[in-house]
Structure formats: C-alpha cells, structure tokens
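> Listed here are the chains, written in short residue letters.
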Amino acid sequence: MSSLPNITIRITQVLATYKSGKIRFRGVPVCPTTHEKTSERDFYNITAIPSQVVFEPEKGQVWKINGDAYIEEKPSYKKHGVDRYHDIRKAKQCVCTLPKTKEAFVAFIREIDAFKGVGKGKAEDLWSEFKLDTLKHMEHKRTKILTTVVTAKIAKSLINGYGKYRNLKYATWLTSKEIPIDVQKMIFEFKPIVNEQRTHQSGYKYSIDPRTIIEENPYLLSSSFSMKFFEVDNLVRRVFEPDISSSDPRRMIAAVSEAIRLCTKGGHTTAPYNKLLKELTEILQHTELLASNNESYIKPSFTMRELAVAALKAHDKDAYVIYPDHEYQLTPIYLMENVIALRMLSMRSQGVIFGEEESQACKKAFELSPYPLLDQQKEAVFMAVESRISAIIGGGGTGKTTVLHAVLTAYEALGYVSNTNLCPDKTTTNRNIKTMALSCRAAKRMRDSINKSKDGVVRKRQINATSTARFLHETIIEDGEGKYLVVIDEASMLDVPTMYHIIINIHPNVRILLVGDHHQLPPIGPGNVLADVVNSQVIPFTELEIVKRQNGATGIPEYSKSVREGVIPEALTTGSIHFHKVAADDIAEKSAELYARSPSESIIVASTNALVEKVNDLSQAAVNPHGQTFLIEESDYLPDFLKKILSKLRKGDPILFSENISVDVTNGSLGKLVSVERGKDTFGLIKMDDDDIEVKPEQEFVQALNRGYGMTVHKAQGSQFPRVIVALAGGYIDRSWLYTAITRAEVELHIVSTKEKFISAIKKPPSASRRKTKLKALLQV
Amino acid sequence: MNEAKTTTALLIDWQASIAGQDGQYGLIEDWLLRGKLNRVAIAKKLGVESAAFEQTCHLDEATKVFDEFADMLRQQGIIKADINIKRFNEMVTVLAGEDNKYSSAIAFVSGSKLNRKKIIEKFDIGKKAITGKRPENPELARMFNRFEDMLRLPKFGIIPPIDANIAMKEQKSDIMPKGTISVSEAAKLHQRILELESENEALKGNYGRFSEVAEVYRRLGQMKS
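The listed protein sequences derive, respectively, from chains A and B. Position 609 of the first sequence, counted from 1, bears residue number 608 in numbering that gives the first Met the number 0, the numbering being contiguous throughout. Position 14 of the second sequence, counted from 1, bears residue number 13 in numbering that gives the first Met the number 0, the numbering being contiguous throughout.
Among these hints, one or two may not hold up.
[Stated by the list, open to error] Here are the simulated BS3-like cross-link-like pairs (lysine-lysine), alpha carbons at most 27 Å apart as the crow flies:
1) K187(B) to K140(A)
2) K143(A) to K187(B)
3) K363(A) to K482(A)
4) K115(A) to K91(A)
5) K176(A) to K155(A)
These aren't lab readings, by the way, just hints derived from the structure by calculation.
Start from the sequences, fold in the hints, and give me the full structure.
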C-alpha cells in the first residue's frame with residue numbers, strides 16, 4: 000500500500016452513488032493543469048463515503064483525490080506490457096475541479112455528457128474570447144454574451160449543462176459548515192431557496208445566495224429540510240452562532256415544526272395543543288441538555304415548559320398554521336387539505352340535472368350489466384351519474400366491480416368517450432374515462448374487470464386503468480369543456496398528498512368517482528381521504544352492504560364482514576376459510592408449510608417485518624432450496640449490505656419491490672427472478688407479474704429487492720391473491736388490519752395464529768378512527 | 000534654385016503617374032491622409048525634403064504647383080475634405096437664418112448635443128469625415144464642436160449648457176437611490192405590467208386546475224403571521 004499525494008483523475012465510470020451508501024468510481028490520471036491524460040497504463044478505483052464527497056461524481060469530470068492506494072499490476076488488455084490498478088479504498092479527500100486552462104476547458108466540454116452538441120471548435124472559440132470568464136458567463140446564465148461567439152442553441156446547452164456546477168461553490172461552503180450531502184442536494188433542488196430574490200427599497204430586485212439564506216437562518220435546515228432539530232441546534236451552536244439564545248424566534252419556529260412533525264407521525268395531519276406542548280417541552284429539554292455541554296452556554300432564567308408555552312403562542316404561517324380549535328398543522332399539509340376540500344365542495348355545489356339523457360344512459364347500463372343489479376347497486380349508479388364527485392364504498396363481495404362496470408357504461412352512453420373522429424377504430428381506448436388504482440397490481444385487476452365481464456362480453460372501447468403513479472406521470476386534463484371522468488379504485492389507500500396531486504392535475508370540471516372500502520387500513524401517508532369523505536356526510540356516497548351469494552361461494556365476504564363489525568365468527572373454520580390454531584412459536588413454520596402446498600397461487604401476509612423475513616427464509620427453504628444464487632466474490636466491489644441482499648436471492652424466487660423503481664414498478668410490485676446473471680451494471684432479470692414487463696435492476700435498486708413469499712398487509716393492500724395465508728403473531732394488530740388481510744383472499748384463506756391473538760385482534764377497534772385529520776371538518780364548513 | 004526646378008519636375012512627373020489612363024486620378028487614394036494630400040509622404044516619395052511642399056516653406060514654384068494640383072483635385076471632387084468644409088459653412092449659414100439666432104438648429108438637437116447624423120443626412124456631408132473615434136477630417140470635427148459650443152451660449156440657448164447637464168445628473172445621483180428608473184422607463188414598465196397581468200388572467204383561464212391552489216395561497220397570505 001502506498002500513500003498518494005493529490006492525484007488528479009478524469010472519471011471514466013461511476014459505479015455507486017450516494018444512494019448505495021458508498022461513492023465508487025473509476026478514472027484515469029490527467030494533468031492537474033491541462034486535464035490531458037497522462038498515462039495509458041494507470042487506472043484508479045476510488046471508494047469514499049458520501050460525507051467526504053461534496054458533489055455527486057459524473058463521468059467526464061476531473062477530481063482531485065487523496066488517500067492510500069493498493070497497487071496491483073495485471074497483464075495489459077492491450078497486446079503487451081502491464082497495467083497498474085490503483086485501488087483507493089478509503090479516499091481522504093475528493094474534490095471536483097473546474098478547468099483553468101484552455102486545454103482543460105476544451106476537455107471539460109468534450110467529456111461531459113451534459114454539453115453534448117458543443118464541439119471542440121466552439122469550446123476553443125469561447126476560451127479565446129472570454130478566457131476564465133467563460134465559466135462565469137455560463138454560471139450567471141449570460142446568454143447574450145455567449146451568443147456573441149456561439150449560436151443561441153449552443154449557449155442554452157452550455158448554460159443548462161453548467162447547472163450542476165453552479166452549485167459547486169455552494170457545496171464546498173455547505174460542506175465546510177458540516178451540512179450533510181443529502182441535505183445539500185435538497186437545498187439545491189428546493190427552488191425557492193436557490194432562486195430567492197429580494198427587493199431593494201428602490202424597487203431593484205436581486206438574487207440571494209443560498210449561503211446567505213442559510214447563514215441568516217440556519218434553522219431552515221430543520222424546518223424546511225429533513226435535518227433533525229437537535230442536529231441543527233448543535234450545528235448552530237458549534238458553527239453558526241455559538242451564543243444563540245435559547246428563546247431565539249428562529250429556533251422556536253424550527254422546534255415547533257419539529258414537534259408537529261413528530262406528533263403527526265402515523266398519518267395524522269394535525270397535532271393537538273396538549274400533545275404538542277409535551278413533545279415540544281421534551282425537544283427543548285433534550286437540546287438544552289446538549290447545549291449545556293458548551294463552554295459558552297448560559298443557563299436561561301425560564302424553564303423549558305415555559306419556553307414551550309411561549310413558543311406555541313407564536314404563529315409563523317410559512318412553517319405552520321394554528322386553527323381556532325388549537326390544532327397545529329404544517330403549512331404544506333394545510334395547503335393540500337384545503338385545496339382538496341375546496342375542490343370537493345365546489346364540485347358538490349355544481350349540481351347535475353338528471354334528465355332524460357341520464358335516465359336512458361342508466362337504463363342502458365343496467366341492461367348491459369353482466370349481472371342483474373340490486374336496488375342498492377342501481378342507486379349507486381344513479382348517484383355516480385348525477386354527481387360531479389361521489390364515492391362508492393363497500394367490502395368484498397358487495398358488487399363494487401359490477402356497479403363500477405355499470406357506471407362506466409352509463410358514462411360512455413352520456414358521451415364520455417374520446418372523439419370518434421380521432422379514433423375511427425371502435426376498439427381503441429376510451430381516453431375520456433381515466434381509471435386508476437393505487438398499485439400496479441390493483442390497476443391490472445381493475446383493467447380486467449371493467450373491460451371484460453365474467454360472461455366474456457368485452458367492452459367495445461377499452462378503458463385503460465393505470466397505477467396512480469403512472470396517471471400522475473402522464474395525465475394532465477386542462478380541457479374544461481370536454482367530458483371527462485376520473486375513477487380512483489382502492490381509494491382507502493389514498494393519502495392527502497396523492498389526492499392533492501390528482502386534483503391539481505385535472506380541471507375542476509372533470510368528474511371524480513372514488514371506489515373503495517374505508518374500513519380497510521388507512522394509507523401509510525398522512526390523512527385518510529376516503530374515510531373523511533364518507534364520514535363528513537357532505538360528498539354523495541353509497542355504501543354497498545348486501546353480500547351477493549353466488550354458487551360456489553367462498554364465505555370470505557361474510558367472514559370479513561363479521562370481523563369488520565367486531566363480531567367473532569361462529570365457526571373459525573368455515574367454507575374456504577381455515578383457521579390453524581398453533582402455538583405462537585410455530586406460526587412461521589406452519590405458514591411456510593401451507594405455502595409450500597400451492598406456491599404459485601399463494602402469498603403469506605404477516606403482521607411484522609421480522610415475521611415476514613422468517614416466513615421468507617422458511618418458504619424459500621421449502622419451495623426453492625436449490626435455486627441458483629448470484630455469483631459474489633470476496634473481492635467484489637459491492638458494499639457489504641448489497642452483497643447480503645443479493646446472497647439471499649435465488650433464481651425462481653418471487654420478488655417484492657420495496658421502492659418505486661419506475662412508474663410501472665412501484666413499492667409493492669411483485670415479480671419473479673428468472674435470471675441471476677450479472678450484467679455490466681445490472682443484477683439478474685425479473686419478470687413482473689402484472690404485465691409483460693421485465694426489469695434488470697441496476698445497483699442502486701438492488702436494495703429494493705426482497706423475497707416475496709411473504710409481505711406485510713400494507714404491501715398487499717390493493718392486491719388480491721387466489722390463496723392467502725395470514726400469519727398472525729405480534730405487532731399492533733387491530734380489526735381493520737385483520738379485515739384488510741382477510742379480504743386479500745379471492746378463493747381460499749388460511750389464518751395461522753393462536754386463538755387468543757385472533758380474538759383480541761377482532762375485538763380491538765380500528766386505530767384509523769383515532770387518526771387526526773382536518774379534511775372532514777373542512778368539508779363540513 | 001536647381002533643386003526647386005528638379006522638385007517641380009519630379010512633382011509634375013508624379014502627377015502624371017497617378018493620373019491614370021482615364022485621367023481620373025484613381026491612385027490618389029494612396030496619397031491622402033484624412034481627406035487631404037499627404038505632403039510629407041509625397042515629398043518622401045519624390046526624394047526631396049519632407050517640408051518641400053509645406054505652406055511655411057513656400058519658397059517657390061514647387062509649392063505653388065502642388066497647391067494648384069490640390070485645388071484642381073478639390074474642384075473635381077476627388078478630395079472631399081474641403082467640399083465637406085464648404086458644405087458645413089453653407090449649413091451654418093442656413094441654420095443661422097435671417098435673424099442670426101440659429102433658431103432652426105433646434106431641429107438638429109438631441110438631448111444635450113447636436114445630432115450629427117441628422118445634419119450629415121440633411122446637408123450631404125461625408126459621414127466618416129466627422130464621426131467615429133478617429134474622424135477623417137478632424138478639422139471639420141473641431142468645427143462641429145465649436146459650432147455646438149456656440150449654440151450652447153446663453154445668447155442662443157439652442158442646446159442646454161454642459162454644466163447644467165452635469166449638475167442635473169449629479170443632482171439625480173444625490174437624491175435618487177441607485178437603481179432608480181426614469182419616468183419614461185417607469186411608464187414602459189407599467190405598460191409591461193399591464194400586459195403581463197392580462198396574460199396572467201388568460202393563463203388562469205387555461206389553468207383552472209390551479210384555481211383552488213391560488214385561493215388557498217390567497218387565504219394564507221391574509222392570515223396573520
């Protein structure tokens with residue numbers, strides 16, 4: 000091992016970025032001044048932790064590196080000689096450098112992808128004209144000056160390409176102030192702070208440097224970015240203002256914001272005064288204790304509770320708002336809930352005349368329905384047709400899908416179809432009815448059910464159903480004149496931010512229909528939109544209650560209804576439902592054993608992540624014990640945690656994604672690992688269950704891969720499986736959890752638990768009812 | 000005396016050499032300096048004393064011949080310097096008017112200066128003779144400046160005095176903070192604001208999906224902080 004002085008390299012490949020926990024890249028040595036390549040024989044592999052790297056590396060950039068290198072000589076891939084590989088496993092310093100000479104500038108423009116389209120000649124012309132000022136002109140977006148040498152298009156390309164480097168000087172400063180890299184990235188992406196302008200008393204407007212803003216109020220790092228309050232407070236006392244007063248208003252606003260954030264964990268959107276006071280007092284006491292270690296600390300003359308009481312009287316609408324009933328809400332959530340409420344109220348107030356046309360449309364829908372509709376179901380169709388916004392709710396087996404099928408037929412009859420002139424082929428997709436579900440799997444199920452009834456009749460104009468993520472990605476309806484309907488299925492999973500984004504993507508004249516079951520688990524995110532809509536009694540809704548009995552019925556709808564109402568079913572095992580009474584320690588084994596009887600149709604829904612992990616181990620051992628694994632060597636460059644993840648996966652395993660990879664592969668999507676071959680930068684091949692989609696995960700997404708024999712109920716929500724095994728042990732299990740888990744089963748249900756645990760779960764009232772949100776009250780105003 | 004004769008002879012030979020076949024003196028351009036015959040360069044070319052054709056050395060025939068040649072070129076319009084001066088004098092006469100108050104010169108005043116461009120166009124004076132960093136006819140340029148100064152005199156008052164301009168600027172910079180805009184600029188900006196507001200209204204119509212967001216922001220703005 001040899002200690003390297005500063006070596007300057009040009010990055011040729013980035014192997015790992017911030018997300019993977021380690022920065023890793025390859026490069027070749029270049030001259031520090033001209034940035035010209037200095038050796039054909041030397042190659043550098045650099046590894047660093049994110050906190051050492053002020054800037055996300057990118058191919059083509061030039062970096063100065065300092066650290067100890069392991070040198071290995073290997074026969075050259077060329078015909079003769081040896082190549083030297085310098086492996087710097089723990090870089091002491093990594094700094095991106097900008098060009099200072101003509102040659103370096105030309106290389107900078109040539110090598111970096113962002114400047115694609117700008118040739119060597121233009122780069123030389125620019126340098127000849129402006130010298131070092133070229134970079135300043137690019138930084139300050141001086142198009143006029145640049146266009147004296149290059150075309151407007153090239154000037155734009157130069158300015159856009161330089162965007163990333165514009166922040167370099169800020170990044171260096173922020174790092175010197177010990178602000179973590181991930182927070183720095185958030186600062187640069189947060190436009191209000193980067194583009195902030197101030198107005199001089201003369202009326203002259205000028206831009207403000209992000210550094211000034213942070214220096215003026217470093218507590219913004221907590222209130223506007225994700226840093227914890229005590230971390231920021233510690234930073235402020237060490238780096239920014241050592242003598243800051245405990246009662247400084249900036250500090251108080253950040254502390255109250257942090258307290259609201261903590262109080263609203265678990266999906267609440269508002270925080271009550273008493274809870275907040277307690278939380279805030281604890282935060283202040285904790286930070287005061289930390290601050291008391293400083294030499295310059297002066298003990299305040301008031302208690303932390305007194306300070307918390309005073310702080311809660313302050314009102315800063317940029318950070319949070321206070322309702323007259325002393326409930327506190329963070330401003331972004333205030334904005335979203337109020338926008339949702341305003342849109343819903345305005346839609347409700349715009350009545351729809353139910354005339355002959357509507358009557359005929361409903362009649363046609365009833366005629367074309369594959370099943371005869373009950374009176375309650377017909378009422379739901381009428382309501383959906385005569386309201387601009389409405390909700391159809393009901394548990395499994397109540398016929399939501401049948402009603403939705405009829406509603407869509409009625410809307411088509413009312414002219415909610417794409418322009419026929421544009422779609423001469425009658426079988427093309429109807430683009431004026433947009434249907435979505437909160438998960439890809441649920442969207443596929445919905446697409447099948449609304450376009451094809453069980454008796455095989457196919458809808459003439461297919462209606463597409465997408466995941467909400469895809470809808471938000473690709474749909475904006477600004478046409479206020481056209482006839483549009485947006486249907487949101489599995490709406491119980493709808494949180495406030497998602498509903499807000501749907502609303503601002505569509506014109507107020509677009510109708511909305513929510514379909515779901517508000518007795519299921521509330522969404523993981525803040526708010527509980529469907530439950531608030533129903534409980535407000537302001538927005539029209541129909542609750543389908545009657546379970547339609549059919550031949551070959553599974554008994555699952557009746558069973559789930561009983562559980563939902565807190566009634567212990569008369570027989571724990573009945574019809575297709577099997578209750579397996581086992582000791583608490585044997586639940587995982589029994590679940591895996593049941594899974595192994597019919598792996599292709601089954602899924603295990605478990606109550607805790609630990610139990611999911613255990614059933615995954617046991618099921619994999621039972622079903623896929625000899626599956627091929629990924630080839631991982633000791634000397635592999637991968638971080639240890641990724642090696643650990645890959646070592647668990649075997650060819651043939653079901654794969655559950657725990658992050659959003661793309662609009663089609665989201666958190667909760669399922670697939671099958673069909674190959675464990677490693678590509679240049681990819682790991683295996685996954686065939687998704689939902690569509691004919693194949694995924695080759697790149698390194699940054701490896702950590703999103705989990706075995707999918709078992710999953711938590713939150714991951715399973717929105718999807719249904721032919722055979723479900725509910726493993727019930729530990730965790731906070733209430734009635735709505737159990738109800739949601741049971742209703743995932745289409746044909747066969749196995750409940751594996753102790754009898755006591757099962758009964759206590761049924762008796763425990765749903766926690767969702769205690770979720771504090773403001774939407775219901777806003778709708779009732 | 001011999002030398003003078005020689006010089007004259009040389010000069011006559013040179014005149015013949017630059018006359019060209021058409022007698023239009025097409026090659027004279029090479030011997031002009033700022034619109035006039037370059038006496039020094041010509042003397043050098045002929046191998047005689049550099050001051051041979053200077054007025055101060057009006058010794059004899061050679062200078063006389065030279066001056067006659069220059070006059071001939073002026074009359075033919077080949078040398079423009081004196082033509083421009085002549086036209087300038089005509090312009091001064093015209094602008095002076097019958098009452099000698101130069102009142103018609105007001106039409107050629109822009110701000111605190113004479114609008115040379117307008118004058119050039121009106122009186123057909125060579126543009127390059129008086130404009131640019133190095134005017135071709137500096138004498139004429141100086142005459143223009145003197146004329147401009149004369150019009151600034153209180154008895155004419157056609158152009159505001161320079162002192163007043165400077166004083167006005169200083170006064171403005173003392174009272175007004177940096178970045179202040181003039182009334183005309185303010186009017187232009189106001190017009191632009193009105194245009195943008197109407198565009199904004201039009202956009203609001205198109206982007207109705209943000210109407211609730213705008214309303215909530217408005218309410219938030221009214222909220223006491």
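> Would you mind marking each hint as holding or not holding in the structure?
Evaluated hints:
1. K187(B) to K140(A): Measuring from Cα to Cα gives roughly 25 Å; hence the hint holds.
2. K143(A) to K187(B): 22 Å, holds
3. K363(A) to K482(A): It holds: about 19 Å lies between the C-alpha atoms, which stays within 27 Å.
4. K115(A) to K91(A): 32 Å, violated
5. K176(A) to K155(A): 33 Å, violated
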